[in-house]
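Peer 1: The chain contents come next:
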Amino acid sequence: MKISILSFGIAKDIVGQRFLDWELPEGAAVADLRASLTAQFPALSKLTSVRLAVNSEYAEEGVFLSENDEVALIPPVSGG
Amino acid sequence: MKISILSFGIAKDIVGQRFLDWELPEGAAVADLRASLTAQFPALSKLTSVRLAVNSEYAEEGVFLSENDEVALIPPVSGG
Amino acid sequence: MKIEIELLTMPLDVQHCINFVSSDDSGGIDVFIGTVRNATKGKAVLRLEFEAYEPMAIAEMRKIAEQANEKFGTKRIALHHRTGVLQIGEAAVVIAVSAPHRAAAFDACRYCIDTLKETVPIWKKEIFEDGEVWVAAHP
Amino acid sequence: MKIEIELLTMPLDVQHCINFVSSDDSGGIDVFIGTVRNATKGKAVLRLEFEAYEPMAIAEMRKIAEQANEKFGTKRIALHHRTGVLQIGEAAVVIAVSAPHRAAAFDACRYCIDTLKETVPIWKKEIFEDGEVWVAAHP
Chain B
191 MKISILSFGI
201 AKDIVGQRFL
211 DWELPEGAAV
221 ADLRASLTAQ
231 FPALSKLTSV
241 RLAVNSEYAE
251 EGVFLSENDE
261 VALIPPVSGG
Chain D
191 MKISILSFGI
201 AKDIVGQRFL
211 DWELPEGAAV
221 ADLRASLTAQ
231 FPALSKLTSV
241 RLAVNSEYAE
251 EGVFLSENDE
261 VALIPPVSGG
Chain G
47 MKIEIELLTM
57 PLDVQHCINF
67 VSSDDSGGID
77 VFIGTVRNAT
87 KGKAVLRLEF
97 EAYEPMAIAE
107 MRKIAEQANE
117 KFGTKRIALH
127 HRTGVLQIGE
137 AAVVIAVSAP
147 HRAAAFDACR
157 YCIDTLKETV
167 PIWKKEIFED
177 GEVWVAAHP
Chain A
47 MKIEIELLTM
57 PLDVQHCINF
67 VSSDDSGGID
77 VFIGTVRNAT
87 KGKAVLRLEF
97 EAYEPMAIAE
107 MRKIAEQANE
117 KFGTKRIALH
127 HRTGVLQIGE
137 AAVVIAVSAP
147 HRAAAFDACR
157 YCIDTLKETV
167 PIWKKEIFED
177 GEVWVAAHP
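Chains as they are written, first to last, in the working numbering: chain B, 191 to 270; chain D, 191 to 270; chain G, 47 to 185; chain A, 47 to 185.
Careful, some of the hints might be misleading.
Claimed, not checked - Derived, one-sided and incomplete: chain A residues facing chain G with beta-carbon distance under 10 angstroms: (1) MET47; (2) GLY80; (3) ARG83.
Claimed, not checked - Chain D regions said to be covered by chain G (calculated; three or more residues, Cβ under 8 angstroms): (4) 220 to 232; (5) 263 to 269.
Hints listed in this document are in silico derivations from the structure and should not be mistaken for laboratory results. Just so you know, even glycine gets a beta-carbon here, dropped at the ideal spot from N, CA and C.
Full structure from sequences and hints, please.
Peer 2: And the structure:
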């Protein structure tokens, strides 16, 4: 299934682009997406943290993904 | 000796005027002034509190007064 | 250490206070604005009158700002209080504090208003439809 | 319950936020303004750039304001955040909260800025003479 990846801040610098389509097997969860992204972009694992948001909501590792979900890579936020 | 009394808020309503000259024996302290004021204006003792300030500084009861000191009657403050 | 203390009969200027404490090395500004409420204990208030023992009020406000800077390491404080007749919604007090980090700005601002309400010789009279009351005068 | 959330590319308007939360039944307004400092760890900052995941940032800011109202009983909150390029001294965030009593206004305002800094997807890049850094990205 296809997942739309959105990257921000330093995660965008690492991934190299804001928008990215990503293929995952049916039934994959957030943790699986994290593993495949980190395999492709090892620099992500050097960050203080990367949270994943599914359709604009922070998601735990066990949450299952669906076709066309929008997943954002959220490195440590620093607003305010 | 002569003390200048300044009254504010409800203390002014009780005393009836902003400025008042008050006679006290030499060597009188804040507590003596308080006693003679309360004798003359018993309604002062009905207030939540009355602090006395001598020459614009809060003064303890034992502080001695001098001729021409300015003493303010300070009922509970309510600024802000 | 920059402190500005004002006791004013005209409307307070919040933006002036913010500008006074702003500086290129401050990261956070906290501003407290105390406004006139339209009711006290469920009873409609028409307007307020504030009276101050002016020289002492200014001296006490300055002491508070100096203590706040000392306790919390803040550097700039503006503390303005209004006197005279105030209508509902108007600002009676404006306190602006800047600091390199926000916790100090919050703590110092709160210290200023809490202490002002305890020590600064200013008195508030609430005017109701059927009378008027000096706030907190009686137990 | 009145909440105004804005993510803006133009300069933030503090007075607008104060006006938004003002009401005749509020007695205290607390305002926090986060400004761009001229230095980080002793190193001169030239300017900042803020980037946001906009729909989520707005949703998270709204959650924070709702939580603050629920936790502290406040009724009106304006929460504005800037994005894009900011110069030294400009406001990155303005939070205004009104409440019948001041303690709630202070607590709610502080809750909003503390939580915003932990959860709202906004990123700050500091631009120095000799390079640039995404704040807090690396341990």
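Peer 1: If a hint holds in the structure, say so; if it does not, say that too.
Peer 2: Evaluation of the provided hints:
Annotation: MET47 of chain A was flagged as interfacial toward chain G, and the flag is violated, the nearest CB pair being 19 angstroms apart, outside 10 angstroms. A least Cβ separation of about 6 angstroms between GLY80 of chain A and chain G falls short of the 10 angstroms threshold, and the interface hint therefore holds. Hint status for ARG83 of chain A: holds, given a least beta-carbon distance of 4 angstroms to chain G, under 10 angstroms. Residues of the region 220 to 232 of chain D with a Cβ under 8 angstroms from some Cβ of chain G number 0, which does not satisfy the need for three, so the listed coverage is violated.
For the region 263 to 269 of chain D, the stated coverage by chain G holds: 6 residues have a C-beta nearer than 8 angstroms to a C-beta of that chain, and at least 3 were required.
Checked against the numbered hints above, the structure violates hints 1, 4; every other hint is satisfied.
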